[in-house]
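Enquirer: If you want the building blocks of each chain, they are given just below.
Number of protein chains: 2
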Amino acid sequence: MSPKVTTELLKQLRQVMKSPRYVQEPVQAYIVPSGDAHQSEYIAPCDCRRAFISGFDGSAGTAIVTEQHAAMWTDGRYFLQAANQMDNNWTLMKMGLKDTPTQEDWLVSVLPEGSKVGVDPFIIPTDQWKRMSKVLRSAGHDLVPVKENLINTIWTDCPQRPCKPLITLDLSYTGVSWREKIVALRSKMAERKVLWFVVTALDEVAWLFNLRGSDVEYNPVFFAYAVIGMNTIRLFIDGDRMMDPAVREHLQLDSTLEPEFKIQVMPYGSILMELQAIVAGLSPKEKVWLSDKASYALTEAIPKAYRYLTPYTPVCIAKAVKNASETEGMRRAHIKDAVALCELFNWLEKEVPKGTVTEIIAADKAEEFRSQQQDFVELSFATISSTGPNGAIIHYKPVPETNRTLSVNEIYLLDSGAQYKDGTTDVTRTMHFGTPSAYEKECFTYVLKGHIAVSAAIFPNGTKGHLLDSFARSALWDCGLDYLHGTGHGVGSFLNVHEGPCGISYKTFADEPLEAGMIVSDEPGYYEDGSFGIRIENVVLVIPAETKYNFKNRGSLTFEPLTLVPIQTKMIDVSLLTQKECNWVNDYHLKCREVVGAELERQGRHEALQWLIRETEPLLRAQ
Amino acid sequence: MSPKVTTELLKQLRQVMKSPRYVQEPVQAYIVPSGDAHQSEYIAPCDCRRAFISGFDGSAGTAIVTEQHAAMWTDGRYFLQAANQMDNNWTLMKMGLKDTPTQEDWLVSVLPEGSKVGVDPFIIPTDQWKRMSKVLRSAGHDLVPVKENLINTIWTDCPQRPCKPLITLDLSYTGVSWREKIVALRSKMAERKVLWFVVTALDEVAWLFNLRGSDVEYNPVFFAYAVIGMNTIRLFIDGDRMMDPAVREHLQLDSTLEPEFKIQVMPYGSILMELQAIVAGLSPKEKVWLSDKASYALTEAIPKAYRYLTPYTPVCIAKAVKNASETEGMRRAHIKDAVALCELFNWLEKEVPKGTVTEIIAADKAEEFRSQQQDFVELSFATISSTGPNGAIIHYKPVPETNRTLSVNEIYLLDSGAQYKDGTTDVTRTMHFGTPSAYEKECFTYVLKGHIAVSAAIFPNGTKGHLLDSFARSALWDCGLDYLHGTGHGVGSFLNVHEGPCGISYKTFADEPLEAGMIVSDEPGYYEDGSFGIRIENVVLVIPAETKYNFKNRGSLTFEPLTLVPIQTKMIDVSLLTQKECNWVNDYHLKCREVVGAELERQGRHEALQWLIRETEPLLRAQ
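Going down the list, the sequences are from chains A and B. Residues in the first sequence are numbered consecutively from 1, following the UniProt record's numbering. Residues in the second sequence are numbered consecutively from 1, following the UniProt record's numbering.
Worth flagging that the hints you see were computed from the coordinates, not collected in a lab. Among the hints, erroneous ones may be present.
Which copy is meant is left open, so a pair is good if it fits within one copy or across any two.
[To be verified] Result set (EDC-like, lysine to aspartate or glutamate): computed pairs, CA atoms no more than 16 Å apart in a straight line:
(1) 287 / 191
(2) 548 / 442
(3) 580 / 528
(4) 421 / 328
(5) 164 / 240
(6) 11 / 105
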């Protein structure tokens, strides 16, 4: 894969940065953040402005272009990918390394005195605007909102914003109606004494109304905003999607409803004007609640005295705690997902030795098996199908230029997942189809020990997930190994595969405490640049634990794996496991065999069942 | 101990809160923070305003008095003590519990509209002022600086500010001269492009000039500020201390020096005026660096455009990394401290069965043994000598009203330490002089497992201490037990026993990464209210570790215990230890026996040596 040639594009961008047609005064730097107007992780093609200008298309990264420089900030997952995709016009800024400057500090170091730094206020989250603006101002520069997106002015073939049909979810999936969710939200609003709540994140709009969409790949969401008042509901959404009788019925658009549940449908693009109108009618002490990650354009529309910003919205927090219907759905989805992976690994075991299976073929095959399962909708993220050195590129996605053939001599890492109507999956398994080396087994076993340490951890109710992160690293650290990513993220229920407000990471200090019903991933890894990658990932449910003393009735929590896919025992150096760890693996495999075995049986998938039985043979540990 | 009667005092305070003699406009609430003008943890009697108004004299707590209410915020260490020391006029706000409001939120909930909240700007740290001021303003109230301290107006017998002689430390103790420290500081200032640095913390002034004092109990510091320019040094200090020939010689006050090392001595009280004069002479882009915990009075004197605030100052960070002379001094101090404790525990073992030893007698005896050691200066904090239920009061200090007699039926917890001219110690041991119950041994053993997990942890260079906190809790968590305090704090070298910028706590997220040469405590515990307290504390030095793969040359770190006092094996349930943990205890005890044994021998303390040998017999673990 050759890097994108950006010389001409950068020249054009630098021209419009000075053009009075687009900017009141020339800007000496222009920031191109990763996100869309909803701070989505996965974005529609029309919003991939940073990839357009730089070539780097990983999920996280911020580009800044000045007269002289073009620099890209991204994190450890993407160092290799970004270096490969960008040409020499770009400097890679490796976030997380000690000597890498922040964007603000870098700007201060390169800009001439009294510079203006431009950014599209609809794309930059408020918290980021504030942080940058403060640092720049204190160094004598100005962060200025540029209304017209400058990338769009040079992106002649920019695609249209998608506007696909909606899916309605009934109570059997959601457990709670949208009306009940609105009632609960209004009670949180009353608690905080706010009159209005602006829903800006796409998954929050989808969750609140029990609707799903497909405007963005992988995340079953649709472009919309909502503004909830104590007596009004406004939904900002485009297209003829509201003409769909199923949607009208679901939202009771044509029923005579109590006025406080009547949904007013408005054009997507009118959110700013409507918000300004609402604000104009406010009296002192009447507050508008929105996320501190909402776009600066929306936040700016609300005078400071009326703003109530929080890192996590009440919708985000409510969404994270899954109810019984959602949990049951997640369990079903994971069993179906395990069936598909048993089929895949059985197939790979036979096909890989022939030398005909590439990373792309394996990924496609995984999708094929998943798509055979009931209520399958789409993948939940781009499949990471990577063998040998590609496995060390943490968020690798095979493309024809990098596509390697699986072999019996290399480790294969598959990180994949799907959206089913009853749940979202995300699972990583690391396999060897020949004979792994002692070093590969050693590293794999440390990663497994870390995975188990988190999965089997017991902790008091109210513990924040980031306090568990080091458990995943301890076995690796003992030998001088580590990995440059967090250990886990929240997982949505037929929603975004990465969601807040909880997670397990050394970086996440603003996470909300874990509580029973929350769902996160547990995915430590180890990566050897140029050689291989190892990661073992389960999605796990936070459940009450039984402990001898129960934290003086504060309550105990632990995790239950929802993912039920065998962990390749061939890769384990059993001599490095404690008896407790060995028992954990055997118990886990027994559950895989029983639960997934029954479903394979039911679906008549006998060969995959035999594979499952072979792969779940108990480990024996020398005493 | 009966609580302080505060009815009349609160009445007087509420009067001055409205008196035009002291406030421009009446204040509806008045905040009485814990600290002095230097944000010291231990404060001089003249600064104990919060204790004066409330009766609660723990080391941490903030009082807020309104027309109707008087409320006290403090943390888990002090819940019991504060409840005991305060009368019914006061409401205890238990910080760290879920339902406890922050001071700001509480004020907003109780104040009438448009209230003024007063505070002494010299006492409130800037970061706290900013946070409170923001929340109060957004709720329509105002935080206002009240120049005259209102507690002082009603505190008729307030003691004088102390002004005791100084101690000069030569190179054999400090390793680095004050001139070299100034040079290093100026290079950090140049890196950040600041022209002035204001030293506000007392231990930073003491460290920078290689001076010590005794103005405050336990911390060998003196009341002073310093302002370091690129070519000037101003030291703000009162009294005739600068007349001492040793001090004049040490600071080279009478030598013909290069002007940039010439120290101008100025009165302590002139800092604000001098700072204002410096600021008046600044041109744009010329910055003044100070801690964001400096008093609001000083910060306010510097216009925003000239301020450079950081959570940790360059002096704080340099001070934390001990050089070879300091490390050697700390080692010597800890060996002498261990000698004193071997004497003490040997004595206690004989005396406790007689029923004549109280907590106070034991504490005094510990001080007596310590004071026999070379270069002993004073204790490093108030000795926590606690038996039975008193052990559950985490920062307990025995007073006649609470003083219990040690017995063979109760656990005894001793948390104590001293200042020696060559180092600072802080050690906790938990002993039973009879036969501990199975439950007591079980809890002790979990605490020990946590202690070992931290002490033996291996982690990559650059890891922040808070990432190690959960290691200390894991064994307790497994059984549903926990403790409500952090696991460790930085320790000064003949300086404050608690110092930043590193620590090991679930609460410390702004800590600086650990590096070789830093010194912290490792002190997990378990507390059963009304029954007993257990804590095992060593002071440990961060050292390079040897690991198989060394984090791709990033480097490996671990800890070396500086404290060398036996851990009572009688309290250990060996069956709960792994072989590795058992080996750790035996190796540790062997080192205690060899190193401290040699010193006991040298000092001719034969009986204590016999005790040490008995107490360091290896544990035997059934296979």
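Enquirer: For every hint, state whether the structure bears it out.
Expert: Consistency of the hints with the structure:
For the homomeric pair residue 287 and residue 191, the shortest alpha-carbon distance inside one copy (12 Å) is at most 16 Å, but the shortest distance between copies (43 Å) is not. For the homomeric pair residue 548 and residue 442, the shortest alpha-carbon distance between copies (12 Å) is at most 16 Å, but the shortest distance inside one copy (34 Å) is not. For the identical chains of this complex, residue 580 and residue 528 are neighbours neither inside a copy (28 Å) nor across copies (29 Å), given an alpha-carbon limit of 16 Å. In this assembly of identical chains, the alpha carbons of residue 421 and residue 328 lie at most 16 Å apart only when taken from the same copy (12 Å versus 65 Å across copies).
Within a single copy, residue 164 and residue 240 get their C-alpha atoms as close as 9 Å, which meets the 16 Å cut-off; across copies the closest is 82 Å, which misses it. For a Cα distance limit of 16 Å, the shortest separation of residue 11 from residue 105 qualifies neither inside one copy, at 24 Å, nor across copies, at 52 Å.
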